[in-house]
Structure formats: structure tokens, C-alpha cells
Amino acid sequence: MTRVEEDQKIQIQQATDIVDLIGEQLQLQSKGREYVGLCPFHDDHRPSLQVSPAKQIYKCFSCNAGGDVFSWMTNYHKMTFPEALRFLAERAGIKLRSVVPPLNGGPETSPQNEQIADANAKALAFFQALLHHGEHGKVPRQYLADRGVSEKMVEAFGIGYAPDRWDGLAQMIEAKGWSLQAFRQAGLITNRTVGEGDYDRFRHRLIFPIWDGLGRPVAFGGRQLPDSTINDKSEAKYLNSPETVLFNKSATLYGLHLAKRSIIASREVVVVEGYTDVIACHQVEHQNVVAALGTALTATHVQQIRRIADRVVLVFDADEAGQRAADRAVEIFFASPVDVGVVILPDGMDPAELMSSTDGPACWQRLIAAAVDALEYQFARIRHQFEAEKTLSGRQRLCEDYIRRLAQMGLGSQSIVRRAMVVQKLAELLHIQEHQVDAMLKQQGRHQRRQVAPQDAKTMSGPAPDGQMEQVIGRQGKKNRVASIASADSVHKIKAVEVAELQLIGGLLIQPNLLDHALFDGRTLAEAVSASTLLSANAKRLYDMIKDRASNGQPMTLAVLLAELTSSEEQELCNLVTAAEIEVDRLTDGDDQLLVQIVSAAARAIVELDLERDHRQACAEIGLVDFSDGPVQGNDQLWQRICDHQKNHPSVTRIARFNTGSEATR
2 MTRVEEDQKI QIQQATDIVD LIGEQLQLQS KGREYVGLCP FHDDHRPSLQ VSPAKQIYKC
62 FSCNAGGDVF SWMTNYHKMT FPEALRFLAE RAGIKLRSVV PPLNGGPETS PQNEQIADAN
122 AKALAFFQAL LHHGEHGKVP RQYLADRGVS EKMVEAFGIG YAPDRWDGLA QMIEAKGWSL
182 QAFRQAGLIT NRTVGEGDYD RFRHRLIFPI WDGLGRPVAF GGRQLPDSTI NDKSEAKYLN
242 SPETVLFNKS ATLYGLHLAK RSIIASREVV VVEGYTDVIA CHQVEHQNVV AALGTALTAT
302 HVQQIRRIAD RVVLVFDADE AGQRAADRAV EIFFASPVDV GVVILPDGMD PAELMSSTDG
362 PACWQRLIAA AVDALEYQFA RIRHQFEAEK TLSGRQRLCE DYIRRLAQMG LGSQSIVRRA
422 MVVQKLAELL HIQEHQVDAM LKQQGRHQRR QVAPQDAKTM SGPAPDGQME QVIGRQGKKN
482 RVASIASADS VHKIKAVEVA ELQLIGGLLI QPNLLDHALF DGRTLAEAVS ASTLLSANAK
542 RLYDMIKDRA SNGQPMTLAV LLAELTSSEE QELCNLVTAA EIEVDRLTDG DDQLLVQIVS
602 AAARAIVELD LERDHRQACA EIGLVDFSDG PVQGNDQLWQ RICDHQKNHP SVTRIARFNT
662 GSEATR
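Sequential numbering from 2 applies to the sequence shown in this note's numbering.
Incorrect hints may have been included.
[What the hints assert, rightly or not] Calculated cross-link-like contacts (lysine-lysine; reagent style PhoX-like; alpha-carbon spacing at most 25 Å):
1) K32 / K56
2) K56 / K79
3) K56 / K391
4) K250 / K79
5) K496 / K541
6) K238 / K139
7) K391 / K426
8) K153 / K139
9) K443 / K426
10) K238 / K250
11) K79 / K96
No wet-lab data here; the hints were simulated from the structure.
Please construct the entire structure, taking both the sequences and the accompanying hints into account.
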């Protein structure tokens, strides 16, 4: 990927509305001038993510993730910056200009994920071409026709066909001169164990591309077709690509790229078991349907779903395997705040078969609307097992096993109301008293806590026993005593200065010319505060960047800085920039005079803590010198520093806190 000019990065930023971009992936709600939603970068249980349409940034107030449209693409979609740049440029209809040749005059080497993405795209085109080939595509086209899959769905889901031969794709790769290694990394071909060359992973199979949230093929699923001519002994009915840097099976939901808009609009998602089930539902306009990829639902799936939906309906077959799958799914969703319903399909039908019946779509709608609450479903299952078990010991075992499962599912961490409702239902089900159920749950909770191994006493950190600290200091010597004394800043003071650094950075982002503002001692801010004065390593780097840009006459805006930081893969600095900008904007609300006061107070707090640390360091150094034989050369200067400091700065001024309205601001 060649480099592009800074003005094009800004052009792409300005052409991409961050609310629309993030709203394609998350459920956002308007809150004042901003939008809020569940943060995808941590296990968020309340909307912690704020998206600002005015500033075109996002910020999480829990995990501190933040940035612009570029950092959203690199963090949420795991793109490289060049990939994000290309994607957003294409999305906005902007043609990128190449302005700087690759280093050393040679071609740039694509990272592994770009190579795999390219291999997947080429393989997809190959599979799709074969499906539509007059001769080779007859069998798969007939299979699709027999199952009522329309041409529109074939195109929407990108369905293709892997030929009835061992090396159809491998030969194409060789003929085109494509990278064999890239296709091997993508799991599309494999080295032969006997002889030379490669053979295809997918042979005589209907191909279902697996897409990421942006509609890019990241893997493939293959459905075995009948009447193979190559004596292929593979017995797997369905076969998926292996996991790669682009594809995590436990974090991927089939059809989500097409279903997401409908899910966000309806705030409901329906989860089925297979590819063809998803396609059959979408074909009759039930588009909020997705599927797990041949595995049980995982906690990662739950996190994905709860960011975009308030209600989940799990659809399973009526056989015993389907019932067990439903039990596992209910347990996975138990601790989630979303409402979960369960549908068991009638007469052993799957969704694809149901949709092909005359009343199928209407019947489907009724079933989804009447979905049984997940806990009610599970209680019904337990009741059936309880009534079928005739022995006292058997019933006791069922009772204890289920209570153990509830404890493991996190019932103890649920709200008091939810826990009480579950306890009440369980007591009715098992014909015992509520306080007995509650006691058993508490016992299980204590048992689980005991399972956590205590730390080895030898490795536990903590204060030294009385009388031992002086011995330790004595062993460490004078140098370590100096360091210990000099670093004895109180926690609240360090925290206050960290806030001051945040406010300083935020103020300079809004008004870089404040670097020339005169402070309390007559020096300009740039003279009084250097990067070495700051505590945070990231604040030091940002402060230097701001000063360098200001001294060189370069533009200093939030958009410019975020684009530069994201392109340099400096996500921690992006987080700090967005936090600083939002903090100062919150305090000042556009008041320039208040901004100057806040930046001045922040600079003063930073300078005074730095002076106090110098003072303490000097005291420590002098305290370690023996004066019994008279003054020691060099100590006069140290004493003068201390005297001057005590005269001019009798105490450290805490960071000013400005009142705006009734709210005390930092």
C-alpha cells in the first residue's frame, strides 16, 4: 500500500460520518448532542461508548478506547491502516493518490492478513465462476434448485462450487502465478503428503463464503454433494476453512453482514443452526437471522449479539441433539441482560423445510413471536427429568446438579430481583422451600470461590513487617534511599497531576497558541513546561508532537492528529487524545476564557509538582552527606535551591476546580 498525502486522509475523514459508520455495527441511541452504545472493546453492561458527531470521534469512559473513523476500522475490524484507508476511500467514492514510492524502490510486502484476504477473494471468484459454468456447475445448480434457493440468494450470499477434482483450485493458482503460500495460509490448499504439489481442501462441494462484518470473505464452508467421481473418502457433510488471522470460528456468525441492519432496526436477532436455514429465512424477507458455524454458541457470540439486539430467539430442532444445543445456548446467555427466547420447531422440521411449506413464513412469524422464555424452557426440561426420575436419590442428584449449574452460570452475580425470581421458580419446581434453595446456591458460591487457588505466601506482595524496612534500606544503600524519598508523591497528588496533564493536552489541542501564553511566573507555557516535566510517557510524547507542529507551522487539529497517530499504529495516544479533547470540552463548553484558566491552572500544578520533587530530591541528597567536618563543596548550591523553592512556593497548589453551573468540574 503506497502512502497518501495528509490532505487525502482528512478528505476521507470528512467524507465519513462516524455515527453512520459505527451505527452500522452497534446499536446507538441519541443522548443530548452525542450518541451512546455498548462498547465493543470490553464486556460492557451499560452504554459506556460515546460517539460525537460534532468532533467525529468515539470514546469509551470505561476502558478508554477512543479515536476517529480510521482507528475504529483498525480496532473494531482489525484492519491495518492501509486497509482502513482503502476501505473508507472506496466507501466514500474517493480515489487515492499515490505520492511516495515504496521504501528502497521495491514493492511493498503485504502483511499476512492482506495476503490471505487476497487469496480468499480470488478463490471466491473461482468458486462462483464454476457454479455458473455450463458443464461443471450442473450438479450444484440442480441441488440449489431442488431446495428452492433463488438466484437472488445465490448472488447475495456469494454461493459457489468447488470442482469434482483433487486440484482444481491448485492448478488455477499455478496457472495464474498466484502465491501458493497465501492460499496455504488461508487453508484453501494443502501440500500433498505423497508426491509433489498441492491439493484442494474443498472438493465437489457447494461453497458458502463466510463473511466478516464488512462483507469481506474471510473463510468458506463446503457442503458435500452426491455422486463424486474422484473416490474422495471425506465423510464430513460440512467442512469449514481452518482458523486464520482473519477467521475465528468461535467469534463469527454466518449471515451477520446481511442481517445486521435488520437486527439493529428490530432490536431482535434469531439464531438458527445452518447455512441453508439462514438463506431460507432471508429469502422470505426474515432478514434478522444468523447462524453459528457448526459449533455451540460462545461467550464471544453473546457479546456480539447484545451490542446490537435486546432480544435473542434461539431456534433448534426437536431431536435430542437440538434440545442439548438449546440447553447449552441458554446457559451461555444466562448472565447476559438480553431477553432470550427458545423455539423448538415442530414435526422435526428445520427452518429451510418450514419456509418451503405453503404457510411457512407466517408459521415462522408466529413461532418467533411465541418463543418460550429461556429459563421457562429450561425449567420445563428439568421438570420433565424430575418427574421421569422415580428414585429419591435420583431426584436429589438432579436438584443438586441444576443448582450447581445455576451457580456456575453466574446467578450469584445477578440482580436481587432476578435472583429472587429464579429462586422462587426453582423452589416451586423442586417442591422445597425458597430459603433452602438460597442456602444451596450460597453454598455452591462459597465452594466455587474456594476452588480459586490462593497465592503462594512467598510471592505475595505487601508491606514489610515492623522493623524490617530500615534493614532493607540499609542493604540497598544510599542510592536507593534517594530514589525512595524522591518518589514519595502521594497518590492523590499524582492523580491530580495526571488530570492536569490531560487538561493541558486537551487545551492545546483546541488552542495550540496557548503555548505562548504567559504563566504565573512570567514564563510562557512552552518555556515552563517541557516533556520531561510531565509524568505520563504518553503525555510527554503528545506534548512534544504538539510543540513540534506548532513550531513548524503545521496544522494542529484533532482530525489531523488522530489520522497521523492511527497511521502510525499509536492507539494508546489516540485514546489519550480523545480523552483529553472530551475532558476539556466538557469543562469549558466552548468558553475560551475558561479554557485559558484551565490550561494555566493545569500548567501550574504540573510545574509545582516538578519543583517539589526537585526539592525533595535535593533534601534527600543533602541528608545523606556528613556535615560534621564542615560544609561540603557543592552543597551551597543545593541549599540555595531549597531555600528559593520554600520562599517562592511555600505549598503545592492543588489543581483548580472550576464550577460551571451547579457541577464541580475538574
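Checklist entry - Is K496 close enough to K541, meaning Cα to Cα at most 25 Å? => result Cα-Cα ~16 Å, so holds.
Item to check | Pair hint K391 and K426, alpha-carbon separation not exceeding 25 Å | outcome: 21 Å, holds
Item to check | Restraint check for K443 with K426, where alpha carbons must lie at most 25 Å apart | outcome: 17 Å, holds
Item to check | Pair hint outcome, K238 versus K250 [Cα-Cα no greater than 25 Å] | outcome: 17 Å, holds
Checklist entry - Does K139 lie within 25 Å of K153 when you go C-alpha to C-alpha? => result Status holds; Cα separation ~18 Å.
Next on the checklist: Can you confirm whether the C-alpha distance between K79 and K96 stays at or below 25 Å?
Outcome noted: 23 Å, holds
Item to check | Hinted pair K238 and K139, Cα distance within 25 Å | outcome: This hinted pair holds, its Cα atoms lying about 20 Å apart.
Checklist entry - Taking 25 Å as the top limit, are the C-alpha atoms of K56 and K391 close enough? => result 67 Å, violated
Item to check | Pairwise hint evaluation, K79 against K250, where the allowed Cα distance is 25 Å at most | outcome: 15 Å, holds
Item to check | Pairwise hint evaluation, K79 against K56, where the allowed Cα distance is 25 Å at most | outcome: 23 Å, holds
Checklist entry - Is the Cα-Cα distance between K32 and K56 25 Å or less? => result 15 Å, holds
Checked against the numbered hints listed earlier, the structure breaks hint 3 alone; every other hint is satisfied.
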